[in-house]
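Chains L and Y are the protein sequences, given in the same order. In terms of my numbering, the first sequence opens at residue 1 and continues consecutively. In terms of my numbering, the second sequence opens at residue 1 and continues consecutively.
Don't read these hints as lab results, they were simulated from the structure. Please note that a few of the clues may not be correct.
To be verified - Where chain Y lies over chain L, by a calculated footprint (3+ residues, C-beta under 8 Å):
| id | region |
| --- | --- |
| 1 | 49-59 |
| 2 | 164-176 |
Unchecked claim - Calculated from the model, a selection of chain Y residues having no Cβ within reach of chain L, i.e. all distances over 12 Å:
| id | residue |
| --- | --- |
| 3 | T9 |
| 4 | P11 |
| 5 | I31 |
| 6 | Y41 |
| 7 | F66 |
| 8 | Q135 |
| 9 | T216 |
| 10 | L222 |
Just so it is clear, CB atoms sit at the ideal spot from N, CA and C, and this is done for glycine as well.
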Amino acid sequence: MTATTHEFDTVEQAGKTPDEEQPYEELGLREDEYRRIRQILGRRPTTSELAMYSIMWSEHCSYKSSKVHLRQFGEKAPKSELMLAGIGENAGVVRVSEDIAVTFKVESHNHPSFVEPYQGAATGVGGIVRDILAMGARPVAVMDPLRFGAADHEDTKRVLPGVVAGVGGYGNCLGLPNIGGEVVFDPCYQGNPLVNALCVGVLPVNRLQNKEAHGPGNIVVLLGAKTGRDGIGGVSVLASATFDSDGPARRPSVQVGDPFIEKLLIESCLELYERDLIVGVQDLGGAGLTCALTETSAAAGTGMDVDLNLVPLREASMDPQEVLASESQERMLLIVDPAKLDEVLHVAERWGVIATAIGQVTDTGRLVITWHGETVVDVPPGSLADDGPIYARPMREPADLILLQADRAETLPRPRTGVELRETLLRLAASPNLCDKSWVTEQYDRYVQGNTILAQPENSGVIRIDEQTGLGIALSVDGNARFARLDPYNGAKLALAEAYRNVAAAGATPLAVTNCLNFGSPEDPQVMWQFAEAVRGLADGCAELGIPVTGGNVSFYNSTGSQAIHPTPVVGVLGVMGNVGSRVPMGFGGDSDLIMLLGETTEELSGSEWAWVTHQHLGGRPPRVNLTRERILASVLTEAGERGHLSSAHDLSDGGLAQALVEATLRYDHGANITLPEDLNPFVALFSESTARALVSVPRGHEKAFVTLCAQHGLPVTVIGSVDGRSRALDVRGQFTISLDELRAAWTGTLPALFGEVSTEAPAYVPPTVDTFFEPVEPPEVPASPGDTDPDA
Amino acid sequence: MTARIGVVTFPGSLDDRDAARAVQLAGGAPIPLWHADAELYGVDAVVLPGGFSYGDYLRAGAIARFSAVMESIVKAAGDGLPVLGICNGFQVLCEAHLLPGALTRNQHLHFRNRDQGLRIENASTAWTNGFQSRQEVVIPVKNGEGCYMADRRTLDGLEAEGRIVARYIRGNPNGSLHDIAAITNAAGNVVGIMPHPEHAVEVLTGPSIDGLGIFTSVLAHLGARV
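Here chain Y stands alone, though its shape is the one from the complex (with noise of 0.2 Å):
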């Protein structure tokens, strides 16, 4: 059966179609979630999207942290639901304690659209199981607050524990320590991503299809568990 990978809708997302559009290429089914509706629909994995979900007022990531949805998310993701949130969805992510950190405004002030070099450190997530150890993928980022901070000890235990899920390469968009592109947390089931996979799927619109490995991965790891 196709996997039914949800995609919440939160008032102030932008690449919520984007998402559902890339979940549909990999092969999965996208299904919408809404952020005032708790019901999950029996997802088998969720996707929080980029964009600027409540406008980012307080701090990207901080309002919607506390919808109706995310309650759920939470809750299942200590289940084991695979749960992916890119750019603003890392944020919210991070606001939601799913990762440690936070993602705070780009070192050098100027929201900043390029097309990244990414090395996947940790290829066993349920997001990342597609590619190899150490593969150099290119995959847009786009983001005002991408910087990555955590205090020593949380950086030192990601590094430690082989929670960095991909780094920065041929340059850092945004002053994230230790070139942190996106983290896991301790179980693999939670990625959180500041570049846009979603955004490299297809020749004519993306600089690379490498993104897809990010969806496929994901449909894998369901694949495998049945």
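If we strip away everything but chain L, and leave its shape as in the complex, we get (with noise of 0.2 Å):
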């Protein structure tokens, strides 16, 4: 052995040295835990061990901070037949035919978004898509939650367009259509933008995969990117220059992605998969090899050698420690029966994939990693993946809440007169919460795959997955952090009422739930008392609609000093419809159809959109919750829709009646001729948010049909009014008219003033003034450049 071979620490360099100083607190790790680990090994850590416990028993990896409160979704949950994975899985997974079934999951890729927006945006995506490959499926949807500072800060304007490319940029690269999400933006982002990532996947019920690492004498493969120095540190505080000071300099942590590895990952994985290759598949993201060694060992109660001078590396430099630590994306561990290996690797070879072989299942028990023959990792892989450690933070209520709920909106000054209210809807109309947000969605592709039957800016986003029968799931992700400030339990169930209400609009019956919970440090006890009534709020709602929660994503410290965001629980709802063909759009699109608003109405103002556009004003209590009144109206919606009864739904929320017109009318360029409630004020009728409603349009001869239904179930309905195809405008009888060119100007205009005009006008005729490239001014008399040859002329 070379002296270079001591420049690692090994298990029996360890043994020599217990009293050497380790930098624990460097890497997050308290003394307690550093303890704990020593404890576990009857010995000091190696180097290598030390940085795998610190990520593994960081916030991000082991929930330490929220796997109390967690629980509650498992506890309350209804039990459902339809669950063949749960939390804890890569993804939960929901069966929604005999033979198919459909995962889901949504989370967070808030920091790098911040420090690199595109990057950190795409990898999010990438990241989300490996976890629905992991559990067997092709995936089929994205669609990403974001929230952006103020709409008009310096910053916005450099992380906006970055995230939005981003997105845009790895997803298109993959072919997965984005059919929705969110664009927030509120002054408590800034500097904590929220990149939120949802993923959609569809299986046969029997591909369905595991993460186990069973059968001793199996092959550990790894697949896919090679594995480089970035992202070290991505999920805990490890960096290079902890280990040495005088080494090289920290390297970013935000990882690069590279959309054209992971495609072909995708292809290979479900040849893989369809040919019965593996016996088990965990995604490399977070905590990279480390996470995918020691998960896919404990899960199976096995044991792996690893040579850790097997894996392909970018940089030859790297120290073990990086190797294990490193998040280069685009990777994915195979568990392999030896006698099916070298079909593996020749799938991975046709799909130009790198596959290699880098250790063993063994039965001992313990995940064992040598380099350069000497053995720097030996643990019990339990004790990194499922025995971290748990804490019951101290919680308190927020101090300034009793004052932020005593300041009501209903008591500020509001529009009185139809001229102030048609004011006030087209400055809420052009509001950046509220406007148009094509800007962004143009440059997702919604189209690739063929099975987009809808997409933003409707309801649900809703994908047919079985052409043959029509079978189709509808996906709504919503949130209202500030709803979520002024009561975080209620909050998180008004997310819930919203998402469960947009599935059903688009004509699907809700199934399951899944989450991404944003929030401040854990260690201030106000945000823990945040994130606990979200927790129960959440739990307690999916409890009452009958829907359980099957999995999601934990992202704290989301705060910039002791500044923390809003607490953001935002909530994906995934619903089933037996055939796309009854799907339900947003807009008005029959002359003449009856439009219905369905739900009652209350002067419910305080947190809403129309607070915060005029007035700037966040204080209150939210609209009341009424999940009884929800899974009316949702029953009531889906069952309209397999009958006919609707040419249009959309549900109620932000900006409340006028934006749904607004959104309604506009869609397919369709007046409505409106008359409101008598027994409801103007003001209240068109911009209270009172939950528990939607728009509905309803075609001549449908409407007694429609109404009786309503009725059996209970469920008020007014009829206000009709749509007009041909006065394209909107009037509000008694009150005022706007023309649906005005109303369109102030609803498109905003984001492009904000982020940049892109032209959608042909640039009128532009000289080809390419000539001037290719070709020399002077000869006049020159042969087109070799570039532009035509084999033709």
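Two chains, each in its own frame: build the complex with the hints.
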């Protein structure tokens, strides 16, 4: 052995130097956590082991602050035979027919997206796609709930375009339609943008994969990209400089994505699943190889011997702890029967993906990793994957909450005349949160795969998953952080209610829930209280609606200094529809169809978009949640959709009835004549954000049957007008009229004005200036450049 | 006999299954072709689908052009095999010099996906004979590098010879010169189109079913030839 082999720490070395000081604090471990590691190992950990514990016991991987609360999702969840895999798996799996299952999950990639918007957002998409792939599914769509600082803030101009281009750049290149999401602006996200990414996949029930590394003797194969120094420390404070301050400079801890490799990874994995060539599979995401090796062996109760030198590297000089901690993208870990290894390698080669056997499964119950022939890791994998610390952190209701709740928006000055109502409606329609989001969504491919039935700006994304039967799924992701700030328990329920309502409005039956919980620091008792309340609200809400949480993600530490973001629970609901032909669009389309308002409107303005836009006000209590009423509304919407009673349906949420009318009329450029209910103040009727409501249009001839259906369910219904295909105006009787052109100009102008005009007009016959680039000015007679040679000319 | 339409899969092809579906809906039999396999299996026509072949590294379509299957396609196209390149396929056809000009980054530098109005300018190619000349259609466009560029002589030639197959109307989504959305070679058997006809073949999933005409056209062309 040469001297260089001693530049890394080994198990043997650790035994000889038990008292060597180790930088556990710099790695984010507490002293008692470090003592426990020593106890588990019966010696000091090696440098590699210490790195692995620091990553796996980090908040991101171990959920040490959230675990005690998240248990409620399992405990309170309605038991469902449809659930094939739930919390703890890479993603929840729900059976939607005899032989087809759907898997979906939403995850955050907040911090990386602030540091490096394009790559942060791109790898956020890549990461969630691999989670879905690891379940055995073909990914079929993505959605992205995004939250930014104030729309006109300088930094938002840096972050938003990069994030949007990253989401699009990665998802488009993977061939995944982007079918919806959110774009929300609020000053609380200045410095802490939220980039959440949802992916949904479809699999035959019998192709469900698991991550368990069963079968001693089976081969451990690393598939995909080479391992580099990118992303080290992505999930913890680990950085190479901490190990040796004289060593190489800290590397950026944002990963760099290559969607082309991921596309090949998807196709090769699907072929491996289809041909039944593997025993287990796990994606490499946060915590890279460390996480994948420990979770797969811990899940099976086996052990593993791994030769780390076999891992293909981008940089030969990497240390073992760097190889173990790297978060290089586009990698999967496979467990393969030795008899099938050649076939697996052949499939990978056909797709041009690197596949390398790096070790084998053992029955020792130890994960043993060697580097240059010496053991650098020898640990029980369960101690990393499952036995991390769990904390019941102190909680305290935020001190300002009582005052905040007492400051009700219902007392604010409000528009009274028709002219004022008209101005308010236009102002809201043009506000950053309610305006047209085409500037963003046109950068996403919504058509690829040819199964997109509905996509943004519709209530839900709807994807056909069986071309023979027309079976489809609907997905919506929603959250309202202002509501959650005022009341985290009900704020979480409100997010759930909105997503649930949106899925039903598209004509689907809600089935299951995923969530991404974005909060400040768990070490702040006030944040911890918000978190606990939100989890309790979401778990209770799911129990009341009878749909289970199948998985999710927690993102803490979204704060700048002591300033935390609003608590932001983002909830995704998955629904199923027997035949996508019965999907209900959101826009008015049928001339003279009757327009009806479903549900009850009361004066609920606190936390509303109106209070925020016109008064920059946040206070009071959010709208009341009534999940019993939501269930009834959903049943009516789904049933009416299937029976063809609805030509359109649009949920009422941010901006109330006014905004729903704006979006429904502009969608297909159909006007509407509206008469507001007499028993309501016109302002309240237009701008209140009462829940469990929807705006529908009913073709003539269906009104009687539809109203009867509502009555049978006990759902209040009010006819408020009719669609007018010729007027091209929104007329609110006795109050105001706005032409659709004026409305459209207000609604569509905002984002282009903020982030750059993208001309939709043909550049009026631009003279072909390329000549001046490709051809010298003198002499005038020159042949075309070689690049433009036309063999047919 | 049902016409056999080859659909090539390059590494990074994305709309290959969509193109196969469109062929099927039009009444043809889609035959998968593989980039590394020079064999064309006796197909009657070929579709190069959209996507990001080989990651679009170097230049969109630049690497795909050197694949084994492309050598066979270039040769067969010279003998009159109908070839359609959609989006990335159009880029590959330009790189392979089956079509003149080049597709560059959209003028506004963003990927752009929208339902696009087109006017069919040449309804006599192998892929557009089912349309009326000057017929207006709606077909989705989705690309980051769809801005058609060529020197003035080439553009003048395309105009004079009626080789501009379709133009963007009601807004040019990417800055293409002469609003060019699709062009053909002199023989009319090779067509490159930037918008995606395979995404406009079903009422439920497309903004129209105008795209189906591209695929029924080639079947009619093949039927007439037999």
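So, going through the hints one by one against the coordinates:
1. Given a C-beta distance limit of less than 8 Å, the hint that chain Y covers the region 49-59 of chain L is violated, as 0 residues qualify and 3 are needed.
2. With a threshold of 8 Å between beta carbons, the proposed coverage of the region 164-176 of chain L by chain Y holds, since 7 of its residues qualify and at least three are required.
3. At roughly 9 Å, the least C-beta separation between T9 of chain Y and chain L is not larger than 12 Å, which violates its mark as non-interface.
4. Its beta-carbon lying about 6 Å from the closest one in chain L, P11 of chain Y breaks the requirement of being farther than 12 Å from that chain.
5. Listed as a non-interface residue, I31 of chain Y keeps its Cβ farther than 12 Å from every Cβ of chain L; the least gap is roughly 18 Å.
6. Consistency note on Y41 of chain Y: stated as away from chain L, and its beta-carbon is indeed over 12 Å from all of that chain's, at 18 Å minimum.
7. With a minimum CB-CB distance of about 14 Å to chain L, F66 of chain Y clears the 12 Å threshold, and the non-interface call stands.
8. Under the 12 Å C-beta cut-off, the non-interface status given to Q135 of chain Y relative to chain L holds; the minimum distance is some 19 Å.
9. Listed as outside the interface, T216 of chain Y is consistent with that label: its C-beta sits roughly 17 Å from the nearest C-beta of chain L, beyond the 12 Å cut-off.
10. Even its closest Cβ contact with chain L, about 21 Å, leaves L222 of chain Y beyond 12 Å, as expected for a residue assigned away from the interface.
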